[in-house]
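Q: For the protein sequence lines, the chains are A and B, in the order given. Numbering-wise, the first sequence is residues 1 to 360 according to the numbering used here. Numbering-wise, the second sequence is residues 1001 to 1291 according to the numbering used here.
Hints listed in this document are in silico derivations from the structure and should not be mistaken for laboratory results. Hints may contain errors.
Here are the simulated DSS-like pairs of lysine-lysine, each with C-alpha atoms no more than 25 Å apart in a straight line [unchecked claim]:
1. A/Lys198 x A/Lys62
2. A/Lys198 x B/Lys1071
3. A/Lys62 x B/Lys1071
4. B/Lys1071 x A/Lys213
Quick partial rundown of chain B residues pointing at chain A, CB under 10 Å, derived from the structure [claimed, not checked]:
5. Ser1133
6. Ser1239
7. Ser1254
8. Trp1258
9. Arg1281
Since the model is a prediction, treat every value here as computed from it, not as a measurement. All C-beta atoms in this analysis are idealised placements derived from N, C-alpha and C, irrespective of residue type, glycine included.
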Amino acid sequence: MKYMLGTVAVLAITSAAALAEEVRVYNWSDYIDEELLTKFESETGIKLIYDVFDSNEVLETKMLAGSSGYDVVVPSGEFLQRQITAGAFQPLDMSKLPNAANLWDVIKDRTAQYDAGNTHSINYMWGTTGLGVNTGKVAEALGDDAPIGSLELVFNPANMKKLSECGVHFLDAPSEMIPAALKYIGEDPNTQDPDVIKKAEAMLAGVRPYITKFHSSEYINALANGDICVAFGWSGDILQARDRAAEAENGVNIAYNAPSEGALMWFDQMAIPVDAPNPDAAHKFLNFIMDAQNMADASNYVYYANGNKASQEFLVEDVIGDTAIYPDAATLENLYTKSPYAQKVQRVVTRMWTKIKSGT
Amino acid sequence: MKRAVLIAVPYFWLLALFMIPFLIVFKISLSDAALAIPPYMPTMKEGLGAMLSQLDFENFIFLTEDDLYWKAYLSSLKIAFISTVFTFLVGYPIAYAMARAPTQWRATLMMLIILPFWTSFLIRVYAWVGILSTEGLLNRFLMWIGIISDPLIILNTSTAVYIGIVYTYVPFMILPIYAALERLDESLIEAAEDLGCSRMKAFWLITVPLSKGGIIAGCFLVFIPALGEFVIPSLLGGSGTLMIGKVLFEEFFSNRDWPVASAVAVILLIILIIPIILFQRNEQRQQEAEE
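Excised from the complex, chain A in its bound form:
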């Protein structure tokens, strides 16, 4: 009988756990301080299931297929805009988000071009796409006056030839690389004209033989370990690599520079899918993230700037004082944003990217 009671108790506990409230969050990899996740669970009593992805395309396919099962997802601006058009997200209930008052209007103004009136999303983090450099190895390959702050570094074949011996990674993200290539050849990075976009192909073909790999997350470790000397990647990822190298004390020094020609500025926005199983808990999560202290903890951990004005007083000097993370006014002026490609143009871009990568 005693034994029976034990079994019944176990059953009761497991079914209670199954009934507990859950919220499912789908965010980018290496993009949060995991202590925040446990903090959310203990503050709200809601079980948090946290999954990660490393490409907007994968997220978008899940959103457009529907019934993803996620309550909170984090697409970047132009992807968000397209998914809002497709009807993938529900409008936010601002009455449940008192912490939205903490948001920074400088960023809100810019994200409004993707999400009119910021009615469907809140900014999580933002950053730039640029050059991660292993300063020692690059100086060895190109000399002390190497153009580490310019697109010349990765788009000039003469430089790339020398760098190829120590390894160069590019993001496997045509929506970021093609605009950078267009900027370098003096075209509008935001163009929707296939003929103009094709001009980038010839230039990229010239440096293709010297690119070690196209990948959107491996470069963090590769830079930190000293396996590669240059990565064209996202600001915070490269700064994370800088930090990991410093912790390992392996003699690798990493620096991040937004290209002086102008860098792409992107915004990762938190939104709630239209068919989210638990939109109420999703709002609680969004409100938790917009808390000034929590958002500061996240930025202090991942080295990305956030769209939260109130959090700035809690940011460590390493983050708020670093112009690679919070650019000064002049650099900010020089950043550009990008709108989504039309379906036909998207096909041209993907096809061109496949051709650049595989030669076919």
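Go by the hints and put chain B onto chain A.
A: Chain B in isolation, oriented as in the chain A frame:
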């Protein structure tokens, strides 16, 4: 009556798990991409009329207009074919040795072949990344014993893809060949040797023809999944390794063009079905000839 029920079971299986999914994919391949959930139109909801009125094969015509697709199909066929040959060369001797091993060992040997399946396929392929990378186990070992001074670049090349496919699929080659060899009547080989065959000749004249069924089954079990393989080329292959699985992924994820992705999948299926039908016809004809 009983017989009809028995036959109905596999046919139901085929209908539910093959024909219905195929028809859905085929239907999507005839529609147009759209920015909606789901991202194509017309959908089933709009009814048969809307579907028929907009029926066209433009997605299939599109596939013929760009050389990317047939190059990817050809390259996949080549990679699948070469991998099958290598898998056979590795698998046959193992199967042969197993079939010739003392009876009490065979269960253990069989267990050892199946054992890797206890670990996730993805983890096993990732392990190869660790083995083959420039800083990996293989290069460190070769440099330590002094065979090479600079690391070999294997990871992110087609060689790594071949290694990955052969490694992953070799059990599917071994098991049917082993089953065929184990059934083989040893007295036939003894008879051949008594009649003056050398061991080698007896092997070619008796063992190989009698294990033909297992060889063909093994080759199909390797060739078919290798042709559409996506995980191995994307983890081990470089961006220069063109395979139809990766093209399908790009159509689906980067272009969000489900109709074209479905058309690519339909063609892939046709490429696979033709040799299977030819093979079956051949088998049937042989059986009829024997009777």
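Q: Are the hints correct? Go through all of them and say.
A: Hints and how they fare:
1. A/Lys198 x A/Lys62: This hinted pair is violated, its Cα atoms lying about 29 Å apart.
2. A/Lys198 x B/Lys1071: Holds: A/Lys198 and B/Lys1071 sit about 21 Å apart, inside 25 Å.
3. A/Lys62 x B/Lys1071: Not satisfied, since the Cα-Cα distance of roughly 29 Å exceeds 25 Å.
4. B/Lys1071 x A/Lys213: Holds, at about 22 Å.
5. Ser1133: The hint holds - B/Ser1133 has a Cβ within 10 Å of chain A, the shortest such distance being about 9 Å.
6. Ser1239: 4 Å, holds
7. Ser1254: 4 Å, holds
8. Trp1258: 9 Å, holds
9. Arg1281: It is violated, given that the least Cβ distance between B/Arg1281 and chain A is near 35 Å, above 10 Å.
The structure is inconsistent with the numbered hints 1, 3, 9, although it conforms to all the rest.
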